[in-house]
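Listed below are the residues making up each chain.
Number of protein chains: 2
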Amino acid sequence: LDYQHVQVPFEITLWIMLASLAKIGFHLYNKLPSVVPESCLLIFVGLIMGGIIYGLNDRSPPVMDSDIFFLYLLPPIVLDAGYFMPSRPFFENIGTILLYAVVGTIWNVFGIGFSLYGICQVKAFRLQDVSLLHNLLFGSLIAAVDPVAVLAVFEEIHVNEKLHILVFGESLLNDAVTVVLYKLFRSFCEMPTIKSMDVFAGVGKFFVVGLGGVLVGLSFGFTAAFTTRFTKDIRVIEPLFVFLYSYLSYLTAEMFHLSGIVAIISCAMGMKRYVEANISLKSHTTVKYFMKMWSSVSDTLIFIFLGVSTIGENHEWNWPYICFTVIFCLIWRALGVLVLTFFVNRFHVNTITSKDQFIIAYGGLRGAICFSLVFLLPDFHRKKLFIAATTVVILFTVFIQGMTIRPLVDLLAVKRKRESAPTVGEQIHIRFLDHLLAGIEDISGHWGQYYWKDKLEYFNSKYLQKILLREYDQPKSSIVLLYEKLERKHAIELAQAGQLGHGPAHPSFLCSAFLCSSSDRTVRTDQKLEDTLNPDVLDNMQEILARNLYRIRRTGPAYNRHTLPGDSEPTEQAKEILILRHKNL
Amino acid sequence: LDYQHVQVPFEITLWIMLASLAKIGFHLYNKLPSVVPESCLLIFVGLIMGGIIYGLNDRSPPVMDSDIFFLYLLPPIVLDAGYFMPSRPFFENIGTILLYAVVGTIWNVFGIGFSLYGICQVKAFRLQDVSLLHNLLFGSLIAAVDPVAVLAVFEEIHVNEKLHILVFGESLLNDAVTVVLYKLFRSFCEMPTIKSMDVFAGVGKFFVVGLGGVLVGLSFGFTAAFTTRFTKDIRVIEPLFVFLYSYLSYLTAEMFHLSGIVAIISCAMGMKRYVEANISLKSHTTVKYFMKMWSSVSDTLIFIFLGVSTIGENHEWNWPYICFTVIFCLIWRALGVLVLTFFVNRFHVNTITSKDQFIIAYGGLRGAICFSLVFLLPDFHRKKLFIAATTVVILFTVFIQGMTIRPLVDLLAVKRKRESAPTVGEQIHIRFLDHLLAGIEDISGHWGQYYWKDKLEYFNSKYLQKILLREYDQPKSSIVLLYEKLERKHAIELAQAGQLGHGPAHPSFLCSAFLCSSSDRTVRTDQKLEDTLNPDVLDNMQEILARNLYRIRRTGPAYNRHTLPGDSEPTEQAKEILILRHKNL
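Chains A and V, in that order, are what the protein sequence lines are. Residues in the first sequence are numbered consecutively from 248, following the working numbering. Residues in the second sequence are numbered consecutively from 248, following the working numbering.
Take these hints with a grain of salt, some might be off.
Pairs involving identical chains hold if they fit within one copy or between any two copies, as the list cannot separate such chains.
Claimed, not checked - Keeping only pairs whose Cα atoms sit at most 27 angstroms apart, straight-line, the calculated DSS-like set for lysine-lysine is:
{"id": "1", "residue 1": "Lys664", "residue 2": "Lys479"}
{"id": "2", "residue 1": "Lys409", "residue 2": "Lys539"}
{"id": "3", "residue 1": "Lys630", "residue 2": "Lys519"}
{"id": "4", "residue 1": "Lys278", "residue 2": "Lys479"}
{"id": "5", "residue 1": "Lys409", "residue 2": "Lys732"}
{"id": "6", "residue 1": "Lys602", "residue 2": "Lys700"}
{"id": "7", "residue 1": "Lys664", "residue 2": "Lys370"}
{"id": "8", "residue 1": "Lys430", "residue 2": "Lys452"}
{"id": "9", "residue 1": "Lys519", "residue 2": "Lys442"}
{"id": "10", "residue 1": "Lys452", "residue 2": "Lys529"}
{"id": "11", "residue 1": "Lys539", "residue 2": "Lys479"}
{"id": "12", "residue 1": "Lys442", "residue 2": "Lys370"}
{"id": "13", "residue 1": "Lys535", "residue 2": "Lys736"}
{"id": "14", "residue 1": "Lys736", "residue 2": "Lys529"}
{"id": "15", "residue 1": "Lys664", "residue 2": "Lys736"}
{"id": "16", "residue 1": "Lys479", "residue 2": "Lys370"}
Simulated from the structure, these hints should not be mistaken for lab results. This one's a predicted model, so the numbers in the text were calculated from it and none came from an experiment.
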């Protein structure tokens with residue numbers, strides 16, 4: 248037996264296997280996941296495992312390594328989040344999201360930090376040795392809402408798109424603020440004196456860390472898109488580039504102390520559109536599927552490790568400090584949301600309702616990022632107290648808030664996500680309104696979001712597409728792409744139902760029949776027309792015809808995709824043909 | 248700048264990126280890959296990079312770590328090979344493959360070892376200090392044909408299936424022999440005296456290592472299949488299990504000193520059938536795509552590392568030893584193939600032609616496995632000579648043989664692979680003949696391959712399928728599955744060409760028309776029939792009808808899938824309809 252030799256890959260594989268099997272186990276009992284969020288169950292499994300390890304070894308189980316978390320577990324989840332980010336609601340609400348993420352987080356950090364410092368002044372609690380700076384440092388790590396935890400809970404409760412993007416966008420973008428404040432306070436802790444210069448430098452760093460992340464991400468994203476222009480002959484390594492470039496963007500940003508999360512999100516959002524157009528359909532399925540798989544495994548591992556790491560002797564228990572931490576986290580977040588939303592609602596027609604505000608405040612879950620950051624703190628005599636408080640806040644938010652948010656959403660009757668995808672008609676209308684609003688904004692001289700969107704779209708089609716897309720001379724509009732996707736899906740459904748139209752004769756036959764029913768001459772001129780028209784125009788006509796026929800089929804009375812032979816309608820048609828044939832004979 | 252922090256993942260990602268970009272680079276110039284195999288180009292890139300590193304640092308570039316090779320780079324390639332192994336030709340030729348892999352490899356090891364010992368006795372060459380045991384040890388690592396190198400070259404030359412599986416199967420299965428002989432000789436080198444007992448134990452080990460590998464692989468494969476029974480609700484982690492279980496089988500086998508390659512191949516071949524039936528279509532696409540992607544990257548990295556590792560000061564040059572090694576490798580392999588094929592041909596009707604024999608002998612390429620094994624040798628004073636000889640043999644076989652094998656295949660007019668997939672008709676006939684031959688073998692009392700195949704199939708459908716498949720009550724025959732696959736492919740093609748049959752009316756309409764053209768009463772009795780027949784029989788009928796219609800479409804004169812509206816035939820049909828309608832009016 249030679250275990251040493253294979254230990255590292257063997258143990259990693261076993262951990263992943265355990266996580267996947269745990270996931271399968273929960274889903275075998277359908278009732279469990281509908282009551283308790285998966286994240287709670289996974290932490291629970293972790294707690295049990297940690298207890299077993301603790302009981303057997305009689306020492307604290309290994310704590311989740313912060314390096315492993317930030318370098319290997321977090322990137323897949325954030326990449327998945329960025330790649331599947333619904334870009335329309337995100338950019339429509341970018342102002343509100345940034346306000347919550349930047350101002351809201353700063354508000355929370357200082358609010359929690361100062362009020363905990365106030366608690367520390369109470370002599371009965373015996374906490375006078377915790378300085379203001381340490382409290383602010385603790386505030387900076389405990390204030391940030393965690394994207395992994397938010398995603399795990401909000402994916403299951405299906406609130407409306409705007410509410411979802413507000414909470415989730417905030418949890419992603421506050422990373423830049425958290426990184427800056429955490430590092431600032433940590434360096435202040437180690438400095439003998441703090442100059443006012445340092446504080447100003449800290450403020451400047453916000454912009455460097457955030458915008459730097461965006462720049463790094465976008466440059467890697469566009470490079471990825473450019474690379475996939477040349478992969479036509481080796482389709483099989485196309486998905487690789489999506490993963491490699493996004494990971495590189497994350498690592499590069501981390502290397503330069505920029506926000507890795509912001510970088511990987513901009514990379515994913517920047518490349519998505521071009522990569523999708525360049526790579527093959529199968530490659531794209533693989534990219535999507537693998538991203539989901541990877542993030543799902545990372546997510547599972549994070550929650551299990553979180554559970555395992557909780558057990559042990561790393562904690563110093565102090566009732567008042569811990570209780571007040573939980574209370575202040577709740578109060579300051581609620582206050583922040585109320586105040587910020589008051590200002591947001593003054594400038595928007597489409598306001599955030601008080602129900603939505605409650606869910607935003609209540610959905611501020613903390614998770615593994617806080618946990619990793621608290622272990623990264625420099626050693627000082629109250630570190631174990633901070634670890635204990637962080638653990639309690641995470642468990643409280645994930646268990647109590649995570650488990651009650653679904654009943655609350657039901658109780659408050661918060662507007663849910665619409666179930667169906669937008670139809671082709673809706674898409675056309677949205678597109679039309681966008682153009683209209685851009686025109687209105689242009690005339691009125693107001694540089695609003697539609698104006699910028701139009702300019703960006705122009706820049707995109709004029710320059711970016713020509714550089715980044717393989718077939719830049721024929722960029723298909725999103726509607727044509729949607730139509731193709733629907734057609735493909737429909738074709739697969741037909742094939743699976745064994746009802747595929749046989750032979751290529753039918754569409755053209757239908758099409759010709761359609762034309763000739765209006766006038767006989769059309770068929771005859773049709774041939775001539777094709778001889779004179781150039782192929783581009785013809786392709787366009789075919790597309791329009793196909794699209795119209797598709798819609799007729801969808802809306803007309805003949806819409807019965809899944810009828811089996813012998814159902815009423817088809818036999819009627821058959822009879823009609825029969826009569827025709829008889830008369831002919 | 249904090250490079251230390253992200254160094255490990257950053258450098259790994261960069262290496263993979265470099266490998267992928269090199270691959271893209273080759274394919275940009277279409278002429279290059281058609282003349283020079285990709286493996287040669289990659290080694291060449293590696294040589295250049297090694298030269299640059301050597302020139303800049305003035306010391307040998309890092310050698311490919313054997314642990315990294317065996318634990319991380321080799322498994323994906325072997326998994327891919329095993330998963331996509333064409334099982335029918337493999338099992339039809341398993342006897343011949345095993346003969347080549349076991350007897351042939353032993354023949355080569357001892358042949359090369361003893362003849363090199365003979366060369367060492369020539370005083371002029373100054374090699375008398377190389378003992379017989381060391382020569383045999385060297386023979387054991389240089390004799391084995393390398394699956395990675397064989398695959399890289401043979402995938403590009405498209406020889407017939409039987410020839411391909413003979414060379415490729417041998418290269419995979421000789422791993423068990425190589426492992427045993429290499430470890431045996433290495434332990435002999437370290438022992439003071441060798442007893443006859445040890446030799447017998449070595450012979451016994453063959454079976455343990457090979458059959459143990461098969462057992463480990465199959466047990467993990469069946470566990471994987473069993474696990475995928477329960478993934479219906481979380482489709483997204485299905486592909487993971489395929490990778491995790493196969494990797495675990497490899498690691499477990501390596502842990503117990505069994506043959507990891509044999510284990511992972513049996514695991515992949517064992518699970519493939521059941522996993523494919525259990526997991527969703529998209530999961531399966533992801534599995535296939537990712538496997539190909541992964542193996543392709545591993546393959547690229549191996550050849551680049553091989554090139555990099557060649558440069559440096561690890562070599563001791565001795566002209567006679569190195570030249571005779573190359574010559575003996577060629578001679579003993581050629582002799583071995585000739586002698587073994589002589590015996591094989593006496594027992595087979597479908598003999599191996601002399602052209603095939605030449606390609607089998609000539610296709611015995613050496614690669615990264617030899618290279619890793621020679622670096623794993625215990626230190627002794629002639630190790631650098633062995634490294635030099637191994638490097639020369641690898642470069643000779645990959646460059647000279649790899650580049651000339653394609654012209655030779657053309658020159659000899661070796662039978663090529665058939666381009667088209669077997670039709671449904673062919674499949675039915677093959678299946679029919681299998682049953683017939685199984686019957687004949689049963690009557691004649693001969694326990695041949697068809698008899699065993701039939702028994703295995705019976706065992707599979709009676710027990711295995713019930714345990715391992717989710718819907719074990721409706722196991723679809725491979726023909727129905729093939730048909731569904733063809734239909735799906737066809738549907739996607741139609742959708743992509745914008746020619747999807749519109750509405751569900753057509754198949755049933757065609758079907759009814761088909762029936763009613765023979766007699767009018769059929770349509771009327773059709774309805775009644777459906778009322779009386781039970782749904783199972785109806786489903787079956789529909790399947791048969793759909794299958795027949797499909798074949799008519801494929802073989803009939805109307806077979807023009809990609810005709811656009813306006814082509815000759817469809818307009819003719821449209822005219823026909825027009826005439827009918829006119830008469831009707």
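Hint-by-hint comparison with the structure:
no.: 1; hint: Lys664 / Lys479; verdict: between (38 angstroms within a copy, 24 angstroms between copies)
no.: 2; hint: Lys409 / Lys539; verdict: within (22 angstroms within a copy, 40 angstroms between copies)
no.: 3; hint: Lys630 / Lys519; verdict: neither (42 angstroms within a copy, 52 angstroms between copies)
no.: 4; hint: Lys278 / Lys479; verdict: between (47 angstroms within a copy, 15 angstroms between copies)
no.: 5; hint: Lys409 / Lys732; verdict: within (25 angstroms within a copy, 40 angstroms between copies)
no.: 6; hint: Lys602 / Lys700; verdict: neither (30 angstroms within a copy, 67 angstroms between copies)
no.: 7; hint: Lys664 / Lys370; verdict: neither (50 angstroms within a copy, 87 angstroms between copies)
no.: 8; hint: Lys430 / Lys452; verdict: within (10 angstroms within a copy, 59 angstroms between copies)
no.: 9; hint: Lys519 / Lys442; verdict: neither (44 angstroms within a copy, 66 angstroms between copies)
no.: 10; hint: Lys452 / Lys529; verdict: neither (42 angstroms within a copy, 44 angstroms between copies)
no.: 11; hint: Lys539 / Lys479; verdict: both (25 angstroms within a copy, 16 angstroms between copies)
no.: 12; hint: Lys442 / Lys370; verdict: neither (30 angstroms within a copy, 82 angstroms between copies)
no.: 13; hint: Lys535 / Lys736; verdict: both (16 angstroms within a copy, 21 angstroms between copies)
no.: 14; hint: Lys736 / Lys529; verdict: both (14 angstroms within a copy, 12 angstroms between copies)
no.: 15; hint: Lys664 / Lys736; verdict: within (22 angstroms within a copy, 34 angstroms between copies)
no.: 16; hint: Lys479 / Lys370; verdict: neither (71 angstroms within a copy, 58 angstroms between copies)
Hints 3, 6, 7, 9, 10, 12 and 16 from the earlier list are contradicted by this structure; the remaining hints agree with it.
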